[in-house]
Amino acid sequence: MSVAAPHGDAGASLDALWNPITIGSSVTLPHRVIQSAHEHNYGAPDFVLGEKSIRYWEDRARGGAALIITGAQTVHRSSFGHSARGAEGWRPEARDRYRRLAEAVHPHGTKVFVQLAHWGAEDVGNQDLWNFRELWGPSDVPSMGYGEHPRPMEAGDFAALVEGYLQTAANAQAAGCDGVEFHAAHGYLAMQFLSPLYNRREDEYGGSTENRCRFAIEVATAIREQCGPDFPLGIRLSFDEMHPTGAGIDADEGERIVRVLSATGLYDYFNITGGAGYAIQNFIAPMSSGLREQFVPYAARVKKLVDVPVFMAGRVTDIRAAARLVAEGHVDVIAMTRAQIADAELVSKARSGRLDEIRECAGINQGCINRVFQGRELSCTQNPSVGREAEWGLGTLRTADSPKKVLVIGGGPAGLKAADVAASRGHDVVLYERDDRLGGQVALAAELPSRTEWSKVIDTLTRSLHRRGVRIELGVAFDTSTLAAEPADAIVLATGSRFATTGWSIARGERASIPGLQHTRVLSPAEVIHDPSAAGEDVVLVDESGGYIALGIAELLADRGCRVHVVTRHLFVGHNTVSTLDLPHVYPRLVAKKVLMRPQTHLERVEPDGRAELASVWGGPSEHVPVDSVVLVMGRQPNNDLYQPLSQTPDLELHRIGDCLAPRDVDLAFYDGERVGRLL
Numbered sequence: 001m002s003v004a005a006p007h008g009d010a011g012a013s014l015d016a017l018w019n020p021i022t023i024g025s026s027v028t029l030p031h032r033v034i035q036s037a038h039e040h041n042y043g044a045p046d047f048v049l050g051e052k053s054i055r056y057w058e059d060r061a062r063g064g065a066a067l068i069i070t071g072a073q074t075v076h077r078s079s080f081g082h083s084a085r086g087a088e089g090w091r092p093e094a095r096d097r098y099r100r101l102a103e104a105v106h107p108h109g110t111k112v113f114v115q116l117a118h119w120g121a122e123d124v125g126n127q128d129l130w131n132f133r134e135l136w137g138p139s140d141v142p143s144m145g146y147g148e149h150p151r152p153m154e155a156g157d158f159a160a161l162v163e164g165y166l167q168t169a170a171n172a173q174a175a176g177c178d179g180v181e182f183h184a185a186h187g188y189l190a191m192q193f194l195s196p197l198y199n200r201r202e203d204e205y206g207g208s209t210e211n212r213c214r215f216a217i218e219v220a221t222a223i224r225e226q227c228g229p230d231f232p233l234g235i236r237l238s239f240d241e242m243h244p245t246g247a248g249i250d251a252d253e254g255e256r257i258v259r260v261l262s263a264t265g266l267y268d269y270f271n272i273t274g275g276a277g278y279a280i281q282n283f284i285a286p287m288s289s290g291l292r293e294q295f296v297p298y299a300a301r302v303k304k305l306v307d308v309p310v311f312m313a314g315r316v317t318d319i320r321a322a323a324r325l326v327a328e329g330h331v332d333v334i335a336m337t338r339a340q341i342a343d344a345e346l347v348s349k350a351r352s353g354r355l356d357e358i359r360e361c362a363g364i365n366q367g368c369i370n371r372v373f374q375g376r377e378l379s380c381t382q383n384p385s386v387g388r389e390a391e392w393g394l395g396t397l398r399t400a401d402s403p404k405k406v407l408v409i410g411g412g413p414a415g416l417k418a419a420d421v422a423a424s425r426g427h428d429v430v431l432y433e434r435d436d437r438l439g440g441q442v443a444l445a446a447e448l449p450s451r452t453e454w455s456k457v458i459d460t461l462t463r464s465l466h467r468r469g470v471r472i473e474l475g476v477a478f479d480t481s482t483l484a485a486e487p488a489d490a491i492v493l494a495t496g497s498r499f500a501t502t503g504w505s506i507a508r509g510e511r512a513s514i515p516g517l518q519h520t521r522v523l524s525p526a527e528v529i530h531d532p533s534a535a536g537e538d539v540v541l542v543d544e545s546g547g548y549i550a551l552g553i554a555e556l557l558a559d560r561g562c563r564v565h566v567v568t569r570h571l572f573v574g575h576n577t578v579s580t581l582d583l584p585h586v587y588p589r590l591v592a593k594k595v596l597m598r599p600q601t602h603l604e605r606v607e608p609d610g611r612a613e614l615a616s617v618w619g620g621p622s623e624h625v626p627v628d629s630v631v632l633v634m635g636r637q638p639n640n641d642l643y644q645p646l647s648q649t650p651d652l653e654l655h656r657i658g659d660c661l662a663p664r665d666v667d668l669a670f671y672d673g674e675r676v677g678r679l680l
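The numbering of the sequence shown is my numbering, which starts it at 1 and goes up by one.
Source of the hints: derived by calculation from the structure; they are not laboratory data. Glycine included, each C-beta is placed from N, C-alpha and C at the ideal position. Possibly wrong hints are sitting among the right ones.
[Stated by the list, open to error] Each pair of labels, with its calculated beta carbon distance range:
1. 103 with 401: 25 to 35 Å
2. 46 with 374: 30 to 40 Å
3. 92 with 157: 15 to 25 Å
4. 46 with 25: 49 to 59 Å
5. 486 with 328: 46 to 56 Å
6. 130 with 647: 13 to 23 Å
7. 353 with 390: 45 to 55 Å
8. 437 with 374: 27 to 37 Å
9. 401 with 304: 56 to 66 Å
10. 578 with 447: 54 to 64 Å
11. 25 with 218: 14 to 24 Å
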């Protein structure tokens, strides 16, 4: 059975996006779509912006971004940042790197602003092995996330810090960059001064709104005096710091802050966002949040208060939505940041009417935010070229010297990616999938609550395969007889994996399985997602993964009225969803739906009378709960039955990729597909 391409909506007008806009008196952006500042951990060994960063931003410029705002460039030696790959803008060496960045993006019509930042209490004082230091802050108030107490800044510190801002701005201006942005959002030092939660000072820098704005005004005044009126200076501002209790800057205080700062006339634009470290799940919202364009109300309020352009970021992933927001007057400039991580050519594709070709960000947060929070370099789940621009970036994919007949066996993420890349290089590609749909376990994940955006990833790849002439055969179980009927030069084996249902865990290596499973119904994640009614009313879900799938299944079953116990040996349920920012969105829903989360617990056995014995990993008395079924999220096993017979086929180029090679995260499946597609 062949498959038709899914269709996108290309009818919406994007005209509002393509109008130029002037920032300050000297810089005109060619249109309204930019990439705002974000961490990527590409810093060079000498602690300044490195070549990898430059190559990354060059691809976004080549893809059409009107403006690139660099990630946070720290302005003083008292701030280093969370990563050992931080970028320090105050160093003299930074000037040459900024020059190379400007030279890389300017030929594409893109402007570049350098973001000036200091982490304050949100920093980590022992990140740099040779520079253990105290943190600086407005007051002795620690970060809620890191808990390290800062030293309240003293009179001499202010002059030194302003000098650091000036040095970084001077480096940017001398290098030919087009402007700078003062970072006063997301819990950084400047926001800490603005916030009555962090700022408990009783001198001229604390107390009233005007006093708490004093530091931002002093820095901006000094930059204006040094750099002149024609060098753009903007401010990134958390309009509401979104503290869980409403403390600190709320939207009304945000409005008062904007009025004070705007009255100075120092800033050429306001870049509106929200949140601080404790609300990061709201300003880098994941798929599971349901949030989209969440800061539009804030930007719209600021538009009524200021007479300079208003920028906004906040999960704008659809170019049509961006156009609508500008056309309706809510905002002047849209930052589509993760959207341009997922597809560096988003703007150029949109401008040429190729909306169906855009690889839309799905808010997975796994290859990007998750990696950055773990101190690793930024990438993208569905776009493995991110972070590998020099090798895999725009313009590096070459037509094959000798086109081949390539059979891709398996239509999951690895197979789809391999087929797409191979076909783009001119190979004749046929894709076989034994199921009646494409996507493999990604398609399965899309059936879980708040995960439907996974389907966009599959739809985008499917459309691409059709454009490239790939023949897709669904419902075909490929075997050696299929190869005899359709000879090929190369086979890419991407047959994926299946969920393990043996009940064995390395944490309980003394036993082959969970005793007594024969006394209840045992379901794999795939089985329970396809037919939740099979689970019955009382369900014990054993989770070894710590990922989203267990949380999603628990919510799926709870929505049907099931009583669900999620049992894990880990410190808490869903520990691997912390750094994707899913946990703060999913946990409240699970609690509201009365899902019982049982961390640091083993399913010890299932009794003959149908009760499950739950025991603490630390010992002590156990507990019995009724159970109709046990759902096992306990790893996967590769589907590699075809490998041995195919490996014995003479004169056949054979590649194994994705889970059939070794079950791993979906990021590695996409990576494998890209790698092999380029290798063929």
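- Message: 30 to 40 Å was suggested as the range; check whether the CB atoms of residue 46 and residue 374 agree with it.
- Response: Since the Cβ atoms of residue 46 and residue 374 sit about 23 Å apart, the hinted range of 30 to 40 Å is violated.
- Should the hint that residue 437 and residue 374 are 27 to 37 Å apart at their CB atoms be regarded as holding? The hinted range 27 to 37 Å holds for residue 437 and residue 374, with Cβ atoms some 33 Å apart.
- Message: Please check whether residue 353 and residue 390 have a Cβ separation lying inside 45 to 55 Å.
- Response: With Cβ atoms ~30 Å apart, the hint is violated.
- Given the range 15 to 25 Å, decide if the beta-carbon distance of residue 92 to residue 157 lies inside it. For residue 157 against residue 92, whose Cβ atoms are near 22 Å apart, the range 15 to 25 Å holds.
- Query: Per the hint of 46 to 56 Å, is the separation of the Cβ atoms of residue 486 and residue 328 within bounds?
  - Reply: holds, 53 Å
- Task: Go ahead and decide if the range 14 to 24 Å is satisfied by the Cβ distance of residue 25 to residue 218.
- Result: Taking Cβ atoms as reference, residue 25 and residue 218 lie about 23 Å apart, which means the hint holds.
- Task: For the range 13 to 23 Å, tell me whether the beta carbons of residue 130 and residue 647 fit it or not.
- Result: violated, 51 Å
- Message: Holds or violated: the 54 to 64 Å window for the beta-carbon distance between residue 578 and residue 447?
- Response: violated, 24 Å
- Query: How does the Cβ-Cβ distance of residue 401 and residue 304 compare with 56 to 66 Å: does it lie in that range?
  - Reply: holds, 60 Å
- Query: So does residue 46 sit 49 to 59 Å from residue 25, Cβ to Cβ?
  - Reply: violated, 35 Å
- Kindly confirm whether 25 to 35 Å is satisfied by the beta carbon distance between residue 103 and residue 401. holds, 33 Å
Consistency note: the structure conflicts with the earlier hints numbered 2, 4, 6, 7 and 10.
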